[in-house]
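Visitor: Protein chains in written order, with our numbering: chain F, 80 to 240; chain P, 45 to 842; chain D, 194 to 491.
One or more hints might be untrue.
Claimed, not checked - Derived list of chain D stretches under chain F, where covered just means 3 residues or more per stretch with a C-beta under 8 angstroms from a C-beta of chain F: (1) 231 to 242; (2) 303 to 317.
Claimed, not checked - Each computed SDA-like pair below joins lysine to any residue, with the alpha-carbon atoms no more than 20 angstroms apart: (3) Lys74/P x Gly113/F; (4) Lys208/F x Asp714/P; (5) Lys208/F x Ala299/D; (6) Lys205/D x Glu99/F; (7) Lys139/P x Asp125/P; (8) Lys82/F x Gly112/P; (9) Lys82/F x Thr250/D; (10) Lys530/P x Tyr654/P; (11) Lys391/P x Gln683/P; (12) Lys604/P x Gly628/P; (13) Lys74/P x His286/P; (14) Lys391/P x Asn684/P; (15) Lys208/F x Ala283/D; (16) Lys208/F x His772/P; (17) Lys205/D x Leu172/P.
Said to hold, decoys possible - Short, incomplete list of chain D residues facing chain P, as computed with Cβ under 7 angstroms: (18) Glu200; (19) Val201; (20) Arg391.
Simulated from the structure, these hints should not be mistaken for lab results. No residue lacks a Cβ here, since even glycine has one placed at the ideal position from N, Cα and C.
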Amino acid sequence: MNKREMTLTINGKAYARAVEPRVSLLDFLRDDLGLSGTHVGCEHGVCGACSILFDSVPIRACLMLAVQADGHDITTVEGLCDEDGAPGVLQEAFQDAHGMQCGYCTPGMLISAQALLAQNDDPGLEEIKEAIGGNLCRCTGYVQIIESIQLAARRLREAGQ
Amino acid sequence: MNQDPGRNLHYVSTKRRVREDKRFITGQGKFVQDVTLPQTKHAAVLPSPYPRARILSIDTTAAEALDGVHMVLTGEQLAVDCNPIRLGLKLPEVKWYPLAVEMTRYAGEWVAIVVAEDAYIAEDALELIEVDYEPLAAVVDPEQAFAETNILVHPGHGSNVLYHGHFLWGDVDGDFAAADDSLTFRARWGRSSTVPIETFGALAHWDEGTEILDIWASIQMPNFVELLASTLGYPLNNIRLHQDVDVGGSYGVKRGIKQSVLVAYLSRKLRVPVRLIEDRLVNMAGGDAHGPDRIFDTDVAFTNDGIIKSLQIRALDDAGAYPGRAPFQLAKPISAIVGPYTINSVKYEAISVATNKTGQVPVRGFGQAPTNYMIEAAVDAVARHLGLDRLEVRRRNLIPSDAFPYQIPSGSNYDSGDYHMVLQKALDLADYDELVQRRDKARTEGRLAGIGIATCLEPGGGNNIFEYLMDPTAEITTFMEACEVKVDPQGKITGMMGTTTSGQGHETLFATILGEELEFDPDEIRIVHADSLSALPTRSPVASRMAIMLGGAATGAAGKIKDRALAIAAFNLAIALEDLEYSGGTISDRNDPSRKLTWAEICFISYRAYHKLPPGMEPGFHAQFVFQVPGGGQLPDAQNRVQIYPCFSFQAHIPYVEIDPGTGRVSVLDYAIAHDCGTVINPDIVRGMVIGGLAHGIGAALYEKFTYDNEGQFLSATFADYLMPSVHEIPDVRDVEHCTPSPLTSHGQKGSGEGGYLGAPAAIASAVNDALHPLGLSISELPMRMSKIEALINNGSK
Amino acid sequence: MREIGGEVKAAKFDYILARSIEEAVQSLEKGGGEAVIIAGGQTLMPLLAMRLARPATVIDINGITALSGIEAGEHEVVIKACTRQAMALASPLVQTHLPLLAKAIARVGHQQTRNRGTVGGSLAHADPASEIPLAALAMDARISLRSVAGVRQVALTDYFLGPMMTARADDELMLSVHFSRQPSQARIGTGFHEVSERRGDFAVVAAAAQVQLDANGVCTTAALAVGGVDGVPRRINGLEAQLLGSRIDQDSIRATLPEIANAITPGDDQHASAAYRRRVAGVLAERALLEAIAEAAQ
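Chain F with its partners taken away, still in its complex shape (with noise of 0.2 angstroms):
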C-alpha cells in the first residue's frame, strides 16, 4: 500500500500521519482520527454534512484528498469550543434557538456560520442564506438555524461592544 506521510495542524494540535493517496480527508478525519462529529451525507460533494475549515474557509471534505491536507490547517466541529471546552458563542446560539434536531447537518452548519460570523457579525438574511445554501437539512426546513446564526451574530456583537 503506497502511504504518503503528511503532516497537519487540526482543531490547534498537530497530527502525523500515513495515509493512501485515495483516502478522502473526510474519511482520514473520522476513521483514522477518531474525529466523528464530520458527518458523512453524500459523498459527492452536495449535501455539506462533511463541511470543515481549511485554511479557515469553509470547504466539503469529501471533495478533498487527505494527502492534499498535509501542511495545512483544519478546523473541526470538535474545535469550534474554546480552550477550556465550553461551546462558543455561535454553539450556544444554536442551542438556545433550537437550530437543529436529529443534528446530522448541524457540525456542517456550524462551520459554515461560524466562517461567516468570522468575517461579520452582523450578516443580512441573503448572506446567512449564501453562507449556508451549501449546507442541506431535512429536518428544520432552516428558520431556526437561520434565527440561531441571527442570536448569535447579535450576541457576539453586543460582546464587541
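Keeping the supplied structure of chain F fixed, place chains P and D upon it in accordance with the hints.
Guide: Just chains P and D, lined up with the frame of chain F:
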C-alpha cells in the same frame, strides 16, 4: 386521562432548551457510524444494473482472493440460512430476501455483499465480482402493472396486484344522486421520500460467549427486532438492539431490515463485528426507502353552495418490487379520509401494485400527505367549478368547533378542534387581504402569482388497526408505549424509554413531563434509552405518537411514583391520604405543614428502612407504565368502521408563490401557517416539526422525484438528480400556534411529528394552480417541476 | 446502460504533488494519458469516488504558487489556472475588468465550492452547463496550455469539442486564462442569466451576454453564449451579427432569437426536455441581452 385545563403548568409549554442539542453542537452525537468496536469489518453491496433480470451465475472467486477481503456472500448462499423478510400483508409468493435470489427485480437491488478490512477494499472487491445476468423486460408503469398478465414482478403471486380493497361508508350512491353536481379529477403524487442526510447503517456483533447478537442501527421501526429474529431464525431474546444510537433523521423511512439481517448474519459467520453503512448511491437506489407513488381518481358530489356531500376515491399506489409495510400507507389515511370536512359518505378503492422499482417504505404521515393533497385538490376543484372563493368553500365545509368529538364516516372520532379559528389565525398571520393585493398587483405587472390555501389534519397517536382493515387475519389491537421511572437513593430521577429518537427531542419531552408531574426541574432528570432486551414494550416513534404515548406512559409512571411516595408518607405520618399535600417531592400534613417527609427521607425509607414501609410494599423506588393508545383496542365493525388514531392535529397553510412564465420556475415567496396540536410540550420542538415538515412538503411539491426511464433504469441516485430544498428554496415561514387540547391525553397534547409535511404539498399545489388560473391552466401532478410548468404555459410538447 | 454503481470510494492511484509547472508537465507526459491533474477537485473528486474516472496517477498542482494569481496588463487580464473561484470573485480586477466573469462565478455552486474550485479547473472540465466556460466563451477568452513540447494558446471558440471534451491534450497543463482588457471609457454591459430548480445547481439553461455601445447607443460589439443546450456552450454568431450596427431594444432582440434554435442541439434528460431548453434559451438570452444593454447605457 386528561389533566385539569385550569392547571398551572411549570415546564410543559414553556420554552426550554432541547437537551439533545447539547451533544450535537459539539459534534458528540453518537450516530451508528460513530459506534466503534474493535476489529470491525466493513461491508459493501453490489447492486444490479437491470430493472429485471435473471441471475445466471455469480463468480466471487477473484473478489474473495483480494487481499483484505474476508467474505463474499450471494443471495443464493444466504437464502439457505435465512427466511424471507416478513411483509406487512400476507403475500407468501412475494419473497423478499436481503440479497436477490435467482432474479433481480429492480435496478439497484443488492446481489452480493463483500466484507473487508475497510470500505475502500470492499469496493475494490465489488468490481471483481462477475455476475452473468439475463436482462428481461420490466414493468414500470403502475397502471400497466395492474393490468399486466405477462410481466409479473413475483410470478408465483399470479399478478402484480398486492392488494385490492373496497370500502364503503355511508350512502354514497344516494348522496351522489341527490347532489346538485359532481366532478371528476385525477391527482398524482410522485415518487419521493423524506431522504435523511444520514443514510441507513447497521453494526452487528455476534457474541458467541453469551449468544447475544448486539446490534446498533440508525433505526425507526416497530417490529424491527421481531423481523430480524424471524428472518434469521433466531429467538427474539438472542437479539439486543441498542437504542441509544442517535438517528440522523428518519421521518419514517429507516426500516433497515435487510441491511441488519446481512450484518448480523455476517458477524455470526465471521465472529467479528460487521458494519454496513449505505453509501448515498446505494441508499437512493437500493435502500428500499421510496415513498408513496400514487394515482388518485376522485369523484366529488356537492351542492350548488359548495357543500361537499360525498367522495368516491380510487387510489392506485406503486409499491415497487418488495413492498414491506408500504401497502398500509393506503389504509392509514382512512383515519382522516374526509379531511377536516363534514363530508357525509365515502367510497374508497385502494390498490397496491408491484413494479420493477425500488421498494416503498412508510414515509412521514404514512400516506396522509398524498391523501390530503387529493382532498384539498377536491375542495379547490369544487370552488373553481362553482366560481366560489376557496376560503368560503372551506368555511362552509369545515367541521364546526361545537361538533367535537366528531365521528367521520369511516368510524374515527376527531377528538377536538377549532378549524375555523385556526384558519382565521393563518389568514391573519398571512395578512391575507394584503396578500391578495400583492398577488393582484403582480398580475397586473405581468407576473404569474398565486396564493395557496390548505386546511389539513395530522392524525396522531398511532394504532395499527388499519392493518386489520386490509387483512382481517391481523387482529392486532394493541398499540402501546411504555416507560420505567426510577428514583435513586439520592432522590434523582431517571426515565427509561424503550425506543430510538431521530431528532424529535423525546428525551426532552419525557423529562419535561416527569418534571411537571413530580415537580422537579427537568434538567435534573436523566433520560436513557433502554436496549431491546431491557426495554418495556414500544411501538417506536412512528405515527406522530410519542408526545401522546410516551407522554401518557410517563404521566402514568409518575403517578405511580407519586402514589408510592404518598403511601409512605401516609403510613409514617399516620394520616389519611386526602390530608396529604405533595409539593416538589416534599409531602406534608395539609393541616399542619410542619409535619412532613422530605423527598430524601422518602428515598431513604424506600431503599433502607424496611420497617418504615407500609406493610406489603416492596422496597426500592420505581414504577413502570404501559399505556395503550386511547380509543384503541376494538376491532372494526361490519362496515369497516373503527377508531384508528386517537388525536387529530390541524393545520392551515397560506403560501404565496410567483412563477416565472419564461422558465416555469416557482418561487415560494411567503408562507404563513397556523397549527393546532393541542398542548405544546416544548414550543421549539413543535415549531421545528411544523416548519421542518413544511420544508419536506415543499420538496415533494416542487422538486423531489425518484425518476425511472421507460425501461426501468433508475435516474435519481445522486443528490445532483434528486433535488432537495436548500435554504434558498424555503421562504421565511411565519407560524402561529392554537391550542384545542385533546380530552384523551395526559396534558391535552396531540401529535406534531409529521408537522407541516401533511399540508404543505397541498398548499403549494393550491398556490401554483391559483397562479395558473388566469391562464386557464392547472396542474395536478407532483412534483411541479419548472419544465412541466413551462411546457404547460407555453403550450409546447414535453 | 448506466451503472448504478455501488461505489463512493476511489480506486487506487499513484499521487504526485507537483512542486513546479515543469514537474507537473513532465508527470503528465509520463502518464501517457492515464494521468490527470487535480486542482480544486470539485468535479474530479466525485468522479474518482464513483469510479467514473480511474486514472493511474493523480497530479496535484495546488502547491504550485506560479499557477495562482490574477494580473492585469495593458491589454490583457490573466487569471492563472489554479486561482480559486472565490479569490477571483473577490478580486477588484475581476469585478472591474471582467464583470461578466464575476457574474458567472457568483452562480457557481455554493461558497464551499468556490473556496476550493478553480477557474482553470472549471474550464478544463468543460461541463456544458457550467457557468465559467460560458462566460469565458462569451468574452472570447484564450487558454494557455503547456506540454513538454512548449506553450500554445487556444481560443475558447476553438476549445470546446464535446461534453467534457476539450482541445487540451492529455499531456497538456492549463496555465492561465487570458481575457482582453477593455478601455475603461468603453460603454460595455454584461448580463448573465441561468435557470435551475435550486439556487446553486448546475444550470439547466444559461445565457451570457456582453455588448458594447458607441456614444450614440449603437451596438459595436455583441457576444451571446448559451449553455446547457448542447454538448458544448455555444456562441450564437448569427444573432450577434444581427445586433451589430443598430440600436438594440427588446423588439430587435426578439427578432434575432430564432438564430438560437438554429445554432443548438439540445438534449432530453430527466430535468428538462430538448424543447424546454430550446425555448428557455431564447428567454434567457433576451434577459441577458437586455441586462447588458441597460448596463452599457448607464
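Visitor: Does each hint hold? Answer for all of them.
Guide: Cross-check of the supplied hints:
With a threshold of 8 angstroms between beta carbons, the proposed coverage of the region 231 to 242 of chain D by chain F holds, since 7 of its residues qualify and at least three are required. Counting residues of the region 303 to 317 of chain D whose C-beta sits closer than 8 angstroms to any C-beta of chain F gives 6, which meets the bar of three, so the coverage hint holds. About 12 angstroms separates the Cα atoms of Lys74/P and Gly113/F, which keeps this hinted pair within 20 angstroms; it holds. Among the hinted pairs, Lys208/F with Asp714/P is consistent with the structure: their alpha-carbon atoms are about 16 angstroms apart, no more than 20 angstroms.
Between Lys208/F and Ala299/D the alpha-carbon distance is near 14 angstroms, which keeps this suggested pair within the 20 angstroms criterion. This hinted pair checks out: Lys205/D and Glu99/F have alpha carbons roughly 9 angstroms apart, not beyond 20 angstroms. With a C-alpha separation of about 15 angstroms, the suggested pair Lys139/P and Asp125/P falls inside the 20 angstroms cut-off, and the hint holds. Between Lys82/F and Gly112/P, the direct Cα distance comes to roughly 16 angstroms. Compliance with the 20 angstroms bound is thereby established for this hinted pair.
Pair hint Lys82/F plus Thr250/D holds up; C-alpha atoms about 14 angstroms apart against a cutoff of 20 angstroms. Note on Lys530/P and Tyr654/P: the hinted pairing holds, with a Cα-Cα distance of about 18 angstroms set against a maximum of 20 angstroms. Pair hint Lys391/P plus Gln683/P holds up; C-alpha atoms about 12 angstroms apart against a cutoff of 20 angstroms. Only pairs whose Cα atoms come within 20 angstroms are accepted, and Lys604/P paired with Gly628/P is accepted, the gap being roughly 15 angstroms.
Straight-line distance between C-alpha atoms of Lys74/P and His286/P comes to about 12 angstroms, which keeps the hinted pair within the 20 angstroms bound. With a C-alpha separation of about 12 angstroms, the suggested pairing of Lys391/P with Asn684/P holds against the 20 angstroms cut-off. For the suggested pair Lys208/F and Ala283/D, the alpha carbons sit about 18 angstroms apart, so the restraint of at most 20 angstroms is met. Between Lys208/F and His772/P the alpha-carbon distance is near 7 angstroms, which keeps this suggested pair within the 20 angstroms criterion.
At most 20 angstroms may separate the alpha-carbon atoms for a hinted pair to count; Lys205/D and Leu172/P meet this at roughly 14 angstroms. The closest approach between the C-beta of Glu200/D and any C-beta of chain P is roughly 5 angstroms, which is under the 7 angstroms cut-off, so the hint is satisfied. Hint status for Val201/D relative to chain P: holds, with the closest Cβ pair at about 4 angstroms, below 7 angstroms. The beta carbon of Arg391/D is positioned within 7 angstroms of a beta carbon in chain P (closest approach about 6 angstroms), and the interface hint is therefore held.
In the structure shown, no violation is registered for any of the earlier numbered hints.
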